[in-house]
Amino acid sequence: MTNIELALGPVFFNWPNEKLLDFYARIADESDIERVYVGEVVCGKRMPFSDKVYPQIIERLQAAGKTVVVSTLALPVTVRDRKSIDALSDWDGLVEVNDFSGVAARKGQRFVAGPFMNIYNEGAAQTLARMGMEGVCPPVELPLSSVEVIAKALPEIEMELFAFGRLPLAVSARCYHARAHKLHKDNCQFICDQDPDGMDVTTLDDQNFLAVNGIQTLSNTVHATTLTQSEIEKKHIKRLRLSPHSVDMVSVAKTFRALATGRIDSAECEAQLTSLPLPGQLANGYTKGKPGHLWVAD
Amino acid sequence: MQQDTTTASRTMELVCPAGTPAALKAAAEAGAHSIYCGFRNETNARNFPGLNFSEKELNAGVKTARRYDADVLVAVNTFGRAGDLDLWKKAVDAVSASGAHAIIAADLAVLDYAAENHPNLRLHLSVQAAAATPEAVNFYADTFGVRRVVLPRVMSVEEIVKLNKEIDVETEVFVFGGLCVMTEGRCALSSYATGKSPNLTGVCSPPGDVDYNDNGSTLSARLGGFTIDCFSQGETAGYPTLCKGRFNAQGETSYLFEDPVSLNAASLLPKLQKAGVTAVKIEGRQRGKAYISQVVKAFRTAVDGLSEGRTSEAEVSAMLASMTEGGRETTGAYKKIWR
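Residue numbers (the numbering used here), protein chains in the order written: chain A, 97 to 394; chain B, 1487 to 1825.
Hints may be right or wrong, so weigh each one.
To be verified - Chain A residues, not near chain B, derived (Cβ > 12 Å throughout): (1) W111; (2) A121; (3) S146; (4) I246; (5) R335.
As the list claims (entries may be wrong) - Chain A stretches covered by chain B per the calculated footprint, using a threshold of three residues with CB under 8 Å from any CB of chain B: (6) 233-239; (7) 375-387.
What the hints assert, rightly or not - Derived CB-CB ranges, DEER-like: (8) E1652/B <-> T324/A: 43 to 51 Å; (9) D394/A <-> G1711/B: 16 to 24 Å; (10) K203/A <-> N1699/B: 51 to 59 Å.
I should point out that these hints are in silico values taken from the structure, not numbers from a laboratory. For every residue, glycine included, the Cβ atom is placed at its ideal position computed from N, Cα and C.
With the rest of the complex left out, here is chain A:
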């Protein structure tokens, strides 16, 4: 039986460069995460800033022995957005595509598909496998039963499960951060940098509901898949993806490592995560084919 790996997903939020550098330095030095996804996936307007530090970050992570994967934008619109994807066409490292522009750009070279790609079944996965896809992190709303069907139908594809973090639920042409601050997207003043884990959205009766991150809408809850080691293995899942938040991700990774190696059970995993200052309550409904905001006990 091969070991279950851990992956760190791309940072969804508009973090300043110093924070990105510090964050990845700690991941490089203090975590045993095997794979790290880097790059801006939410808003092309942020790229001129973060692009300056990502080469340095990649070098640091690779020096620490991590497999680095460059992630592409989920919703490329402008010429600059499109060029950022095309620029990866001859990169010989691994690329995570989050839009079909990315598949086209790879021209048959290997790639992995991120959770923004609509891979809901084994047929779609097979089609992309023929085009060079070697791994997939399916859409977050896909129930575990479907993930398992795809994983078993395509054993050559590495299956990665979105296992921790606020759920990426939607993208839009409109920037809701700008709208909430009575600004327009073209003159947004990069106001999304005020909310390092997303802007909380509550209902009229003050129930926590969603979180906004620029053009992206996330869950308010923090999704956590707390399957045991044997359950993960039985479902042919190769890797667990942890989505970055301001909370101590080194601790989060330690908890999931303990879970994936059978040192703690689901209840202990839940308890350890709950003891951290998470941006929202834990949820896992999607895993079981239920509404994503629910926590469903085993």
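Once you've looked at the hints, dock chain B against the given chain A.
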């Protein structure tokens, strides 16, 4: 009346919705060039109770449409359930057998199956695939032979102009009816609240998960237990579509994502024609035949007027006046300021 020699002569195709055989006939009678519909199951993104077509009804619908010189387009545009793709494959076979003009699909599994097994069936890329760049559109064209792409409602007219210059397939755009604020096919908000979503089950904010809670002074419209909007006594309570609700953020209450408006891009038809758009589409397979008939007549007047080089804007606007919900409209992302 102004003659515009650059846009005259080509009539934009008017694509109209039909949720029932009666609506299909009404759309054909009212002048639709083509009519789109779907099967009565999870294979289409308007999987509402009491709507849609059986295979037999589709076959009859294709014949009805032909009598009016109209084409039928069939949406098999949800994402197939893992381990259960036969339902989607059978739907593709049934579209092919019906003699319909084209199939509208989004899932790679469905596109692949159609291209492999029914090479003569015309493929349209559903809006649920959200292909918005030349690279993405050309990918679908090169891989599956897609002939037309229905553009996601995230693009400005300027972006559509540029896109059309870089692709060889036809484009179709929504011009009237419901408005998705999120990129279509990339939204799981509904399943987050209810467990059911467009991609998973072909529904958004489904009626079965809606309840109204009256505490005497206010009426809360809820979805999956989340309050989506509140109404005071005497106010007309709207349907709690998740992205059109009122929420709190930054200490303020607002329609954070979008006001409860519907799309009306009738005034942009000349620009869309100049942008090289082949077909304009009306949303609303859940609508009754009276509504369909009136909206289709209005837009047929508009596209006919355009092809003859004259503007019918005032006339069309009057015809549509009573058709928009609560009279509140938007031109959506077609104007960049919307963002």
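Measuring Cβ to Cβ, find out whether W111/A lies farther than 12 Å from everything in chain B. Per Cβ check, W111/A is outside 12 Å of chain B; nearest 19 Å; holds.
A121/A clear of chain B by more than 12 Å, beta carbon to beta carbon? holds, 32 Å
Would you say the region 375-387 of chain A counts as covered by chain B, given the rule of at least 3 residues with C-beta under 8 Å? holds (count 5)
Given the hint of 16 to 24 Å, is the C-beta distance from D394/A to G1711/B inside that range or not? holds, 22 Å
Outside-interface status for I246/A - nearest CB in chain B farther than 12 Å: violated, 6 Å
With respect to the beta-carbon atoms only, verify the hint that E1652/B and T324/A lie 43 to 51 Å apart. holds, 50 Å
Does R335/A clear chain B by more than 12 Å, comparing its Cβ with all Cβ atoms of that chain? The assertion about R335/A holds, with a minimum of 19 Å to chain B.
Outcome of range test on Cβ distance (K203/A, N1699/B; 51 to 59 Å): Given about 55 Å between the Cβ atoms, the range holds.
Beyond 12 Å on every Cβ pair: is that true for S146/A relative to chain B? holds, 21 Å
Closer than 8 Å, Cβ to Cβ, for at least three residues: run that test on the region 233-239 of chain A against chain B and report holds or violated. holds (count 4)
The structure does not agree with numbered hint 4 stated previously, though it agrees with all others.
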